[in-house]
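Residues per chain are reported as follows:
Number of protein chains: 2
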Amino acid sequence: MTQKLVFRFEEGSKDDRARLGGKGANLAEMTKVGLPVPPGFTVSAQTCNIYNSLGQKFPDGLEDAIWQEVQALEQRLGKRFGDEENPLLVSVRSGAAVSMPGMMDTILNLGLNPKTTEALGRRAGRRFALDCHRRFIQMFGNVVLHMEHSAFEMILSAVREHAGVEHDHQLGEGDLEQVIARYLELVQRQTGRPFPEEPREQLMLAVRAVFDSWENPRAKVYRKINQIPDDLGTAVNVQAMVFGNLSPNSGTGVLFTRNPNTGEKVLYGEYLTQAQGEDVVAGIRTPKPIAVLGEDIPAAYADVERVADLLEKHYGDMQDIEFTIEDGKLYLLQTRSGKRSARAAVKVAVDLAHEGRIDKAEAIRRVTPEQIDQLLHRGVDPKAANEVLAKGLPASPGAATGRITFDADSAEELGRMGERVILVRPETAPDDIHGIVLAQGVLTSRGGMTCHAAIVARGMGKPCIVGCESLRIDLMRKEMQVAGRTLKEDDVISIDGATGRVFLGAVGMVEPQLGGETAELLRWADEIRRLGVMANADTPEDAERARSFGAGGVGLCRTEHMFMAQDRLPVVQEMILADTEEDRRAALGKLLPMQEGDFYGILKAMQGLPVTIRLLDPPLHEFLPDVEELAVDIAVMRARDEQGSEEYRRKSDLLRKARALSEFNPMLGFRGCRLGLIYPEIYEMQARAVYQATARLLGEGVDARPEVMIPLVGDPKELEITRRLVVQVHDEVQRETGRELPLKVGTMLEIPRACLLAYDIAEHADFFSFGTNDLTQTTFGFSRDDAEAKFLTRYLEDKVLPENPFAVLDQNGVGQLVELGVARGRSRKPELKVGICGEHGGEPQSIAFCHRAGLNYVSCSPYRVPIARLSAARAALED
Amino acid sequence: MTQKLVFRFEEGSKDDRARLGGKGANLAEMTKVGLPVPPGFTVSAQTCNIYNSLGQKFPDGLEDAIWQEVQALEQRLGKRFGDEENPLLVSVRSGAAVSMPGMMDTILNLGLNPKTTEALGRRAGRRFALDCHRRFIQMFGNVVLHMEHSAFEMILSAVREHAGVEHDHQLGEGDLEQVIARYLELVQRQTGRPFPEEPREQLMLAVRAVFDSWENPRAKVYRKINQIPDDLGTAVNVQAMVFGNLSPNSGTGVLFTRNPNTGEKVLYGEYLTQAQGEDVVAGIRTPKPIAVLGEDIPAAYADVERVADLLEKHYGDMQDIEFTIEDGKLYLLQTRSGKRSARAAVKVAVDLAHEGRIDKAEAIRRVTPEQIDQLLHRGVDPKAANEVLAKGLPASPGAATGRITFDADSAEELGRMGERVILVRPETAPDDIHGIVLAQGVLTSRGGMTCHAAIVARGMGKPCIVGCESLRIDLMRKEMQVAGRTLKEDDVISIDGATGRVFLGAVGMVEPQLGGETAELLRWADEIRRLGVMANADTPEDAERARSFGAGGVGLCRTEHMFMAQDRLPVVQEMILADTEEDRRAALGKLLPMQEGDFYGILKAMQGLPVTIRLLDPPLHEFLPDVEELAVDIAVMRARDEQGSEEYRRKSDLLRKARALSEFNPMLGFRGCRLGLIYPEIYEMQARAVYQATARLLGEGVDARPEVMIPLVGDPKELEITRRLVVQVHDEVQRETGRELPLKVGTMLEIPRACLLAYDIAEHADFFSFGTNDLTQTTFGFSRDDAEAKFLTRYLEDKVLPENPFAVLDQNGVGQLVELGVARGRSRKPELKVGICGEHGGEPQSIAFCHRAGLNYVSCSPYRVPIARLSAARAALED
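Sequence order for the protein chains is X and W.
Numbers -2 to 876, taken from the numbering used here, label the letters of the first sequence in order.
Numbers -2 to 876, taken from the numbering used here, label the letters of the second sequence in order.
If you are wondering where the hints come from, they were derived from the structure by calculation, not from laboratory data.
Among the hints, erroneous ones may be present.
Since the list gives no way to pick out one identical chain from another, each pair is judged satisfied if it fits inside one copy or across any two copies.
[What the hints assert, rightly or not] Keeping only pairs whose Cα atoms sit at most 25 Å apart, straight-line, the calculated DMTMM-like set for lysine to aspartate or glutamate is:
1. Lys475 to Glu639
2. Lys648 to Asp564
3. Lys601 to Glu733
4. Lys648 to Asp638
5. Lys11 to Glu800
6. Lys601 to Asp523
7. Lys388 to Glu424
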């Protein structure tokens, strides 16, 4: 045997996770530090690999090595395996470097057999000893001998019935003796051999069982999904038992060194006197708060306080500790970083930094972007118990309660009247925006994470669930079927956009926490990050919110939402339906003052910071009624012989024009700068609105900084022409107003060809902004409106793709184009400002990519600005 | 003066086009070879540039240099400018390196004034001299003095009326004297100065006018459109006049050294005795066939024959020659490569090669792919005069006549009855195929060059015009409005798919010519080309046709067209509407024998050659009725209270399912291998059909070589999984039949991500085929069904893009991805076979790109196979 397979706790440290597993490494670390840990040893994770490579056989010398350590334990503790006076009992626990489900449970009290049970009974009470023995057989039978749990439970239940009691702890010593006898019989019958009474054999079988559990199907699947290597292996921890139930001066408990919900610096946990580990969680006796230990066993409590502080200092983090007190003496059974709420994570990290235990960088590493995300939205109170009606895709976090409304107009009407409504639709379209604005939240039965409803809701920071396929919505009847119920308009539901759950009725809510520590942490993040964080904002309100969340400007101001407003849509339609440029210009003339007002407000709200205004992007038919609806109306009128009516003529007219504009693939159609090239008067009006608003603001002493962005450019020529148009309007307004106006014109890189031709496109651009939503659609050939519902969900389930590329930027494919675009653009213009303004701008992994790719900024929805600030700092720290 | 500006004909050669222009270079060449060319000189094209750069001024020394050459001419000919006995007359002609419209017309007889006219009259007859003088003033007044042509015509007309004659040549000497007098008066009145009588002044003004015409607006626009540099400049040719009308032994004519329509090796042309250049084309006298010259002036004819042969040998090509015979002596006024029909181009090239005048490579260079294309389709007889009703996009060449039919079912029905019909639709859809098959041609009012109708028609080699927007089709009334007419079903029209013209009634046709020379030329091309040429073929008939056209296999066999057949559609719909995998498998079970039959036929037709079978690609909703039509039907039935009917239920059911499958952007939706991944049973059935057919054929001794192609792969995983499925079925069928079956599985690279990830995709592929139609759509973000009608046409008009990227592969953008895909794929698998199967596979420029990019083959529609063979050879020659 050339490799050391078994390590005494004294031989390791917390850095030995790969060899000793997480649990083993922490036990070793505490032992090394001199903390009171019951002695024991760890069989290394590598041994597990050797065991498997030998076809489930112990390598030579392993059993001897284990036995040698047992003997060392016996010597040290003055106890012996199988001893009839003072028997050595041990616990056997698995412990891999990464914890995973399906691994073997703990076996406590190994070493018990009829004789040692009597010995234990003499020291700790006979009923307790018998119960331990009964549990040990059951636990061992189940996890080591692979017997069905239910077979044991049937015996237990029969004995309970016979004894006329309801609960196990009401069984007397005689009952337990009977249980044990029948357990042993069962083992003999099912395994064909007697229960192993020899502690050495018990131990070796238990070690073997831990190894075997590494190959159990659940663990294998989990490793596959989480890409955990199969040759990591699991370690086995063998530790002397200590007894928290040995005397009134004994106990056992768990504690956090700080409050894991709030982060407050107080010991938090519970314990039981005269109890063993299991009892604390079994719910038979009610554990007491840890503070009470100070009254019950003051010396032990002082030890606990001291040890907690020491461990926190040692690990530099809040700890989750398991301990046992045997006859007044404290023993530590485990310590690890404590799981905590988002709120606690922030507070603990900031507090630890203030206490000098970690530095600011480490504080930032300690808080995940997801935790910041949770803090920014109200959620459903996890303690509230409500009926979950359905589960959809969690499209936009936050929770909301309201009456069901099935159309945007009612949502708007009720919303204006102060009603709280949830807009429920099969899907939403741009002309539902006025309803979404006034709804508390949105629920759709169709669509994926980046469908219209999802994007709009996320942009507005409104809770949203999409693709909730178990809803059967009947818009005609204004009702929906779900979970065997029929819900009608005005019925109350609640939705939790963070989890995708739909609840019946109103539920308790937890309000968002954005306390002082969060703000402080984000300020530290700002000091560290090198990536700018801008916001996508279409209104002055959005812009103000973004600013309050720390945005360094507006990275994407979409002008189409302004066109959708109810009072403008008729004018927009007039513009679209115009047959001549003259008529179109007349309609645009009416829109000009409105657009100027829009830009005035946003530029003012963002004064001193850049506002990137994207000229009109969506296909024009999005502003017209649906072709199918019109066709149906007309056919019905014809069937009713109403061809003579004014309405019929109007609708026929509208249909003809809507049809002429309708497209097979609008995503790839007549939109973006293609509109601006065919109808330059539209972009001209928008540019004029931008620069007139700017001139007005400058006149009022407001530092307005517009940057004009041309969408969907795929050829340098497109940008050259549209840029020329914008510059011309800029110069005109400059002449007209006599004011020097800032001039920055850039473009979005959102189709592959733009990235490939970035050299020449850069010639005409002051900045690039990657529109990674569309770039993902075109690079993958995925329509985001269709893919998720039709096949992408299955792709993710089947691991055809590792992530939803609309949520997490696809670094393999789309990322190549981004890198190409950056490199080619900068090769022509080294100082080119480059950002990203797709949904990915607010997603942590994608932000890290943007940092590495050398982008200047990310832009995301206002509510994700804090997340992006943190993510950018974390990415900088990873460098 | 450092630069020589004026060149005597003796000083140049045919290689001096850039300096002397095309005409000047050929005059110099003929002079050099010793042919009888009237002497003269050329003012260089560079002089024109200097003239322009000086702000329309003669450079120093130019006038002297010209005059020097005139004096040399005088000396040589014994004539003098302005001489009252034997005056020198010259012609002045423009001549750039590239001929272009808008350039100055020829001026003949320069040097005439009242005195020299009398002198000429004494030598050639007074009436003729007067007419020449009259014409000279008119010509000079118009092109040099910029006077309106109509002003001269009014005078001429008044004199004719006064003289009581109808035609100019009926005017007597007195009448002409009067015309001349009034012309001179008109010049004086309009220009404020007398007509320049001094020959030197006339010459200098004429040279200046040639230079000025370079900057004329028509010429400038033409240069811009054709990307001809503005600083090319035009040369000026000054040449002594010879007189074809000097005696009965004189004449003038034009000839081709071979028949320019058929290519036959006989002199072809016409001439007039006793006539000057103008008269041959003026139409007053009917010219005689050139052969008659042999009877009229035998010696001159012998000279013509000798010179024609000499020039053809010298230039190695068929020549288009202008000549004049003065008193029995032959003079050559111009020679150039003769324009010829496609048919003649092929015959002349092959004949010249056989005659040893050029080699095979040169013969291939001499024929353009467009000429081969013309040979493969019947066309409208260019001599036929028919009313052109409208003009659309020339989507598929060939001409057809037939009765108008507005729906596919009638087209099919009438077609089966032997009627010739033209299917006229706003647009076509996959379920119109059965009608297209039986129609003579297709005409649509919507769509672009690559819309459904265009692609299907091109694939079938059927004439097709799309996007013919001036048609107003009323499907309800079964009529259309066009050019002020109303055409009803059964009215006869003709279409010319090569030009996009729609004619009223039946028109004369020219049948396709694919003679022995074409076949021979293409065999030579095959010897030279290194790029394989395969065909896109979906039926055994297509495959046979492709084979007869020289295809080296099938590069793309689309299986969806098989699903569309009328007898299968119901089974396909059954499969789509199935709720369970079991039901789906039942329907697929019915399709299996049909598919097996399809593959059996194609593999047999292509025996010994590879057949690349693409598994199902289009979105499933393409096989269902249109959602809008269904919605309309249902609404109408509801309005009529027919909800109780069976039909209503059936349609409602169908609508619900069609709606569930409908997509916002089907191009980017649930199609291609995505179908195969979600419904593996579909691909499984197809693979089984392929291999069962192969096994049967091998059993019959037929060398079947299927290659299975997975469409729309964007991630290596997609190919890995679908390939595994195909291999599994292959192995099963191999086991079941006991036959060794060929196994090749490849993929299409048709979305950008596939090209970017070609490294890893190659791991699972035996071959790549670039689907450049879809790759163009995704790389540009252009939907081909929408782009052309909505904005692409304008883009091309406005030169935003130089070419339609769906017609000519976009080498800048899409080409980068192709090159990347090839390089990355081969870096992992050096022997990877790579081809292309988009529409571009049959387009010459794109084929040249494929050759350069190192592809192994192109695949195109059967009718374009000969074009591709030639193009591939030409590309190889360009290397």
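Verification of the hints:
1. Taking the shortest alpha-carbon separations for Lys475 and Glu639, only the inter-copy value of 22 Å comes in at or below 25 Å, while the best intra-copy value is 27 Å.
2. Proximity of Lys648 and Asp564 under a CA criterion of 25 Å is satisfied intra-copy only: 20 Å inside one chain copy versus 39 Å between copies.
3. In this homomeric assembly, Lys601 and Glu733 come within 25 Å of each other (Cα to Cα) only inside a single copy, at 21 Å, whereas the closest approach across copies is 77 Å.
4. In this assembly of identical chains, Lys648 and Asp638 lie within 25 Å of each other by CA distance both inside one copy and across copies; the values are 15 Å within and 23 Å between.
5. Proximity of Lys11 to Glu800 under the C-alpha cut-off of 25 Å is found in neither arrangement, the shortest distances being 33 Å within a copy and 66 Å between copies.
6. When the C-alpha separation of Lys601 and Asp523 is checked against a cutoff of 25 Å, the pair qualifies only within one copy, where the shortest distance is 24 Å, while the shortest distance between copies is 70 Å.
7. For the homomeric pair Lys388 and Glu424, the shortest alpha-carbon distance inside one copy (16 Å) is at most 25 Å, but the shortest distance between copies (42 Å) is not.
In terms of the numbered hints stated before, the structure departs from hint 5 and from no other.
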